[in-house]
Amino acid sequence: MAREALIRQAGGEDLERFFAYLDDHLRDNGSGATALFMPMPRAASRFGPERENAFRSACANALGQPGWRRLWLAVDAHGAIAGHIDLRARPEGACAHRCLLGMGVHRDARKQGLGARLIAVAAAWAATEASLDWIDLEVLSVNQPARQLYARCGFVQTGETADMFRIDGEALAYTFMSRRLP
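At position 152 of the sequence shown the residue is numbered 152 (full-length UniProt numbering), and the sequence of numbers has no breaks.
None of these hints come from the bench; they were simulated from the model. The structure displayed is predicted, hence computed values, not measured ones. No false leads were slipped in.
Derived SDA-like pairs: lysine to any residue, alpha-carbon spacing no greater than 20 Å straight-line:
no. : residue 1 : residue 2
1   : Lys111    : Trp72
2   : Lys111    : Val121
3   : Lys111    : Leu6
4   : Lys111    : Arg152
5   : Lys111    : Arg27
6   : Lys111    : Ala35
7   : Lys111    : Val142
8   : Lys111    : Asp28
9   : Lys111    : Leu22
10  : Lys111    : Ala80
11  : Lys111    : Gln144
12  : Lys111    : Glu4
13  : Lys111    : Ile7
14  : Lys111    : Arg147
15  : Lys111    : Asp24
16  : Lys111    : Asn143
17  : Lys111    : Thr34
18  : Lys111    : Asp76
19  : Lys111    : Val75
20  : Lys111    : Leu26
21  : Lys111    : Cys153
22  : Lys111    : Ala77
23  : Lys111    : Phe37
Ranges between beta-carbon positions, derived for each pair:
no. : residue 1 : residue 2 : range
24  : Leu15     : Pro66     : 13 to 23 Å
25  : Glu92     : Arg180    : 10 to 20 Å
26  : Ala60     : Leu6      : 22 to 32 Å
27  : Asp133    : Gln157    : 16 to 26 Å
28  : Pro91     : Asp163    : 15 to 25 Å
29  : Trp125    : Arg17     : 20 to 30 Å
30  : Asp133    : Gly159    : 14 to 24 Å
31  : Glu52     : His78     : 16 to 26 Å
32  : Ala80     : Asp163    : 31 to 41 Å
33  : Ser31     : Gly64     : 32 to 42 Å
34  : Ala44     : Leu15     : 19 to 29 Å
C-beta atoms are modelled at their ideal positions from N, C-alpha and C, and glycine is treated no differently.
Modelling step: build the complete structure from the supplied sequences, incorporating the hints.
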């Protein structure tokens with residue numbers, strides 16, 4: 001599934017399908033052998049209409065404008081979404097040279113190199129098309145597979161906040177990582 005997936009920038013026409021994929025993806029949040037990857041209770045892991053509207057609005061913002069966001073989808077040979085990555089403006093105005101990364105890979109496409117491919121595509125765009133200098137990310141510290149992927153892709157841990165979240169009775173730390181772009 002993941003090895004043949006085509007990675008392309010998403011357009012507005014892709015968002016409904018992306019939101020359906022994302023809700024399915026979020027069902028894995030902390031279930032079974034999958035690490036908690038979103039700071040939300042397991043039973044309430046869904047994207048929701050408010051977040052959909054905010055995401056849709058951010059994708060429509062021009063690059064360089066406050067609140068911009070860009071999304072890439074990995075689509076398999078059957079047209080199914082195998083993974084996604086998005087870059088978005090940092091909320092602090094003086095950080096226009098940086099962006100935040102969010103991503104996910106479908107349960108059937110994990111551990112096949114798709115995450116690294118998604119990061120490479122987004123990083124190339126950030127450096128060349130957006131003229132950004134840094135990509136930052138925030139990841140739950142318990143999500144070791146994601147942290148290892150990010151480290152393999154050149155991200156360096158810049159900090160960690162202990163007990164950042166309390167989810168389902170568990171105190172969880174948040175790890176901050178950054179990658180300098182060429």
